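In case you want the letters, here they are:
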Amino acid sequence: MSMNTQGRPTAPGEAADATHPTFTGNKALMIEEPLIYEIGRPDVTGVDLDDDAETETHLGGLERSADPDLPGLSEPETMRHYVRLSQKNYAIDAGLYPLGSCTMKHNPRLNEKMARLPGFADIHPLQPVSTVQGALALIDLLAEGLKELTGMPGIAMSPKAGAHGELCGMMAIKAALEARGDARAIVLVPESAHGTNPATAALLGYKVEAIAARDDGTVDVAAVKEKLSDQVAAIMLTNPNTCGLFERDIIEIAEAVHDAGAFFYCDGANLNAILGRVRPGDLGVDAMHINLHKTFSTPHGGGGPGAGPVVLSEALMPFAPLPWVVAPTSQGEGGHTLVEHVESAGGATPFGRMTAFHGQMGMFVRAASWMLSHGADGMRQAAEDAVLSANYIRASLQDLMSLPFGERPCMHEVLFDDSFLNDTGVTTLDFAKAMIDEGYHPMTMYFPLVVHGALLIEPTESESKASLDLFVATLRDLAMAASRGETGRFAEAPFHAPRRRLDETRAARQPVLRWTPPAPTEPEPKRDAAE
Amino acid sequence: MRYLPLSDADRVEMLARIGVAGIDDLFADVPEAARRDGLVDLPLGKSEMAVERQLGALAAKNAAAGATPFFVGAGAYRHHVPSTVDHLIQRSEFLTSYTPYQPEVSQGTLQVLFEFQTQVAELTGMEVANASMYDGSTGTAEAVLMAHRLTRRDKAVLAGNLHPHYTAVVETTAQMAGHAVDALPPVPVGEDDVLARIDDETSCVVVQTPDVFGHLVDLRPIAEKAHAHGALLIAVVTEAVSLGLVEAPGAMGADIVVGEGQSIGNGLTFGGPYVGLFATRKKFVRQMPGRLAGETVDAEGRRGFVLTLSTREQHIRRDKATSNICTNSGLCALAFTIHMTLLGAAGLKRLARLNHASAVKLAKALGAVPGVAVLNSAWFNEFTIRVPGNATDVIEALAKRGVLGGVPARRLFPAAGHDDLIVVAATEINSDDDRAAYAAALQEVLA
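In order, the protein sequences belong to chains C and W.
Under our numbering, think of the first position of the first sequence as 1, with each following residue one higher.
Under our numbering, think of the first position of the second sequence as 1, with each following residue one higher.
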């Protein structure tokens, strides 16, 4: 045992009991934190506001009758509360976050700095256009970049997230069909699609028909052709698909779809695999949303905000929703203009409006910052590194884990099924939860639905080789432990996270969706009437 | 490239492990016709300094609100956001985490959402709230769809003074989904005939308060009439701070309350990202769109939080889901919650009072300018003025004098013939000097 200069032992004692419960319930840096409703009070405030002498009111007798129960905390208490909560979250800044189809890549802090420049962060969507020329130029810069990267002629910038972009793209398709007097009722969606695809189609009143996958995990051209008719409005395909594979017959599918008078919607969730190497416009795509919060590194923020601009083909461009930015002529004459109303839309026939204002400007700045930082060369390299890293994981694990579609290259994510866990007593869920104890966020589980017990791993381009090697070694160790029947490591995992497995059935059966004051254990003492 | 950790040597080693000769082999499934050998036509990568220079130059071309007397509102409001908020939302663990699908390692986000839901329910006077929508406008469209599911009817009546962009979002969705919308024309002064439009086919009536011209609306008679016809009242609030002083929609009979939460914790950012508030009655919760955090226990009996009632959602129900929403506005909801926690009920009320006082003083100052009339009798922090002549020109002339004086009604309703109206907002950020500068500049412009 070594000693420091004060003579205190610096190595752990032998008799230490790691499971000894603490008085507070805390475990060193893992600190239990109550709700603000349990520590705050409505009369406390952490914001000093000036007094105002104005006493005249013009509320028309509509004053609030009962104060809301909104507990306040002083500034230091607020800081501590939310810092402690933050420490219960996994984050890409803390470790590899292999959620397939979610593209958890590094979020550069330059992006955050740029988005907070007052010229972007502190401008109002309805202040005079003459005072926001730089903002319109930024939107145009990003829009032109996205068009070039995808090889598509048109773009709608306003959708707020991927699913909102899907809605926008499908609305453009519906509007284009209606404009030619061609009402159609069906949208084709492969079984492997994200849930947002069928949900979007249904929202627009379409009947969703599934297309089965081939044995190799891709869409069968013959199956598509069989389903196509003059009642099919569109096909919604993800490419690369959610099995991590490039749809190799995609051009043939697009041609068949177009021959049937239908449109091709591409879910762009997996654009990160092909950025700068393949342009969706060259594949026959009519509309595709781009998740700026995936491919273009804007932070996920624990569930948003995202941004979902939609690139559009020639056929769909005239139907793009309001508003849009018009760049000055190539001679630089006049400034940027903003088209907000159909009255000023020129010859275009916008299908409507997706949102109150101009889209996710804060995300546009971050995405532009990422795009400029990488450049044409860096973006292509990023896509290649993402694909390389996924294949490296595939090649390093394929002897111990099971690949549903054989040992062929994948794109930016690799899909395993749970057949390697057969007869081990360990499920996909157990396996994923054991990863938490090893310091990793689990991969996407049980999606896509087309393989049994799916484990979908997307490492992105942000991991070093050392990071990938440790991840691979960890999964190999877990897979071997499972095959040895060491179920104790899995069945009740995680053991070391801020919480053990949570009872989701109880949460759904007896929903508690907000704090309510605890029922008094004994009758409250009678209050003085004067109180 | 500073964001890419792999070295060329790493790449060679990795390709060898994979057993392919080069990166192109991994893209072999791409049809030959679609393979691109060269780079796309965009500039090459730039250093951090070069990007700062380029984007900084664009930012410098905009007139930031903080640098000028600023009175623009109409759905987005400039408030002072405490420094703590922006610091906390940049904590890596909040900023760079995903939707909390793995609750054991996402308790931070989940507890925040549970606090957010409680705060929103309290603020709106409703029983339950969800974990956020994209913004107020998309939330309104979702509320209409929810009302259709609940009433099994498909006609929405929209008050004329609903923000016209919200109206447009609702109309777009309705048109695409084959639903009916009865949208009334704007009424800057006088009574809207929304009551007369409610009938037995009405699914819901959508009313904004304060409305787009700043008028406060008593929702009670509308709720009464709607309920008598089996319809629901959807109340829309675009200025969340108003709820510190003005009667909660829930207390006036609203069935669904949709709000734009930007005012609390979030900056203007040219229109987004913002945060949609969505609250309703408990009995309607299974028809609600969006994510919900709920309380439960873990295997050791400790309290914890999870995403729940997900059988409403697209990732489980696919084409039977209540909405297609997935990613929402988590980080903006966090900012809202932190700011609201700093304020507390007492701070919110005081903030709301300051806003109202600021607007009362501004209305007096502008009303004293020759030729200018204030149209509102009741308002919170926003009101409408009539100016002699073209309001758009007036706003441009004010901007040249360094005052951002509001939104010309023509920008909101280009064809409604209200070309002499300006919607003006005042908040706690406006000083006496700001208000005096506005009145002086307006007098000069109109002279």
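Be careful, since some hints might not be right.
[As the list claims (entries may be wrong)] Okay, the calculated beta carbon distance ranges per label pair:
| id | chain 1 | residue 1 | chain 2 | residue 2 | range |
| --- | --- | --- | --- | --- | --- |
| 1 | W | Ala9 | C | Gly347 | 54 to 60 angstroms |
| 2 | W | Gly38 | C | Asn26 | 30 to 36 angstroms |
| 3 | C | Glu63 | W | Asn390 | 57 to 63 angstroms |
| 4 | W | Ala196 | C | Val326 | 51 to 57 angstroms |
[What the hints assert, rightly or not] Just a few of them, taken from the derived set where beta-carbon distance is under 10 angstroms, the chain C residues facing chain W:
| id | residue |
| --- | --- |
| 5 | Phe23 |
| 6 | Glu63 |
| 7 | Arg180 |
| 8 | Lys227 |
| 9 | Val450 |
| 10 | Arg484 |
[What the hints assert, rightly or not] List of simulated lysine-lysine pairs, PhoX-like, C-alpha gap at most 25 angstroms:
| id | chain 1 | residue 1 | chain 2 | residue 2 |
| --- | --- | --- | --- | --- |
| 11 | W | Lys361 | W | Lys320 |
| 12 | W | Lys61 | W | Lys46 |
| 13 | W | Lys225 | W | Lys283 |
| 14 | W | Lys225 | W | Lys282 |
| 15 | C | Lys113 | W | Lys320 |
| 16 | W | Lys61 | C | Lys227 |
| 17 | W | Lys400 | W | Lys364 |
| 18 | W | Lys361 | W | Lys400 |
| 19 | W | Lys282 | W | Lys320 |
| 20 | C | Lys207 | C | Lys225 |
| 21 | W | Lys361 | C | Lys147 |
| 22 | W | Lys46 | C | Lys207 |
| 23 | W | Lys400 | C | Lys113 |
| 24 | C | Lys227 | C | Lys207 |
| 25 | W | Lys61 | W | Lys400 |
FYI, nobody ran anything at the bench for these hints, they're computed from the structure.
If you're wondering where the values come from, they're calculated on a predicted model, not measured in any experiment.
Even glycine gets a Cβ: it sits at the ideal position worked out from N, Cα and C.
So, going through the hints one by one against the coordinates:
The given range of 54 to 60 angstroms is respected by Ala9 of chain W and Gly347 of chain C, whose C-beta atoms sit roughly 55 angstroms from each other. Here the CB-CB span from Gly38 of chain W to Asn26 of chain C is close to 57 angstroms, at odds with the stated 30 to 36 angstroms. At about 37 angstroms, the CB distance of Glu63 of chain C to Asn390 of chain W disagrees with the hint of 57 to 63 angstroms. The hinted window of 51 to 57 angstroms between Ala196 of chain W and Val326 of chain C is violated, with their beta carbons roughly 41 angstroms apart.
Given hint, Phe23 of chain C at the interface with chain W, is violated; its Cβ is 15 angstroms from that chain's nearest Cβ, farther than 10 angstroms. Because the beta carbon of Glu63 of chain C sits about 7 angstroms from the nearest beta carbon in chain W, less than 10 angstroms, this interface hint is met. Taking 10 angstroms as the C-beta cut-off, the interface hint given for Arg180 of chain C is violated, the closest approach to chain W being about 16 angstroms. Taking 10 angstroms as the C-beta contact cut-off toward chain W, the hint placing Lys227 of chain C at the interface is violated, the least distance being around 16 angstroms.
Here the hint on Val450 of chain C is broken, as its CB sits about 13 angstroms from the closest CB of chain W, past 10 angstroms. The interface hint given for Arg484 of chain C is violated, since its Cβ lies 24 angstroms from the closest Cβ of chain W, which is over the 10 angstroms cut-off. Of the pairs offered as hints, the one joining Lys361 of chain W and Lys320 of chain W is violated, with about 52 angstroms between alpha carbons and a cut-off of 25 angstroms exceeded. About 21 angstroms separates the Cα atoms of Lys61 of chain W and Lys46 of chain W, which keeps this hinted pair within 25 angstroms; it holds.
This hinted pair checks out: Lys225 of chain W and Lys283 of chain W have alpha carbons roughly 21 angstroms apart, not beyond 25 angstroms. Using a Cα cut-off of 25 angstroms, the hinted pair Lys225 of chain W and Lys282 of chain W holds, with the two alpha carbons roughly 22 angstroms apart. For the suggested pair Lys113 of chain C and Lys320 of chain W, the alpha carbons sit about 41 angstroms apart, so the restraint of at most 25 angstroms is broken. Using a Cα cut-off of 25 angstroms, the hinted pair Lys61 of chain W and Lys227 of chain C is violated, with the two alpha carbons roughly 53 angstroms apart.
Our distance criterion of 25 angstroms between C-alpha atoms is met by Lys400 of chain W and Lys364 of chain W, whose separation comes to about 24 angstroms. Restraint check for Lys361 of chain W and Lys400 of chain W: satisfied, since their Cα atoms lie roughly 24 angstroms apart, inside the 25 angstroms limit. Proximity of Lys282 of chain W to Lys320 of chain W is assessed by CA-CA distance (about 21 angstroms); at most 25 angstroms being required, the pair is judged to hold. Distance restraint check for Lys207 of chain C and Lys225 of chain C: the Cα-Cα separation of roughly 17 angstroms lies within the 25 angstroms cut-off, and the hinted pair is therefore satisfied.
Between Lys361 of chain W and Lys147 of chain C the CA atoms are separated by roughly 49 angstroms; this puts the pair beyond 25 angstroms, and the hint is violated. A threshold of 25 angstroms between alpha carbons decides the hint, and for Lys46 of chain W with Lys207 of chain C the separation of about 47 angstroms lies outside it, so the pair is violated. Pair hint Lys400 of chain W plus Lys113 of chain C does not hold up; C-alpha atoms about 29 angstroms apart against a cutoff of 25 angstroms. Distance restraint check for Lys227 of chain C and Lys207 of chain C: the Cα-Cα separation of roughly 13 angstroms lies within the 25 angstroms cut-off, and the hinted pair is therefore satisfied.
This hinted pair checks out: Lys61 of chain W and Lys400 of chain W have alpha carbons roughly 14 angstroms apart, not beyond 25 angstroms.
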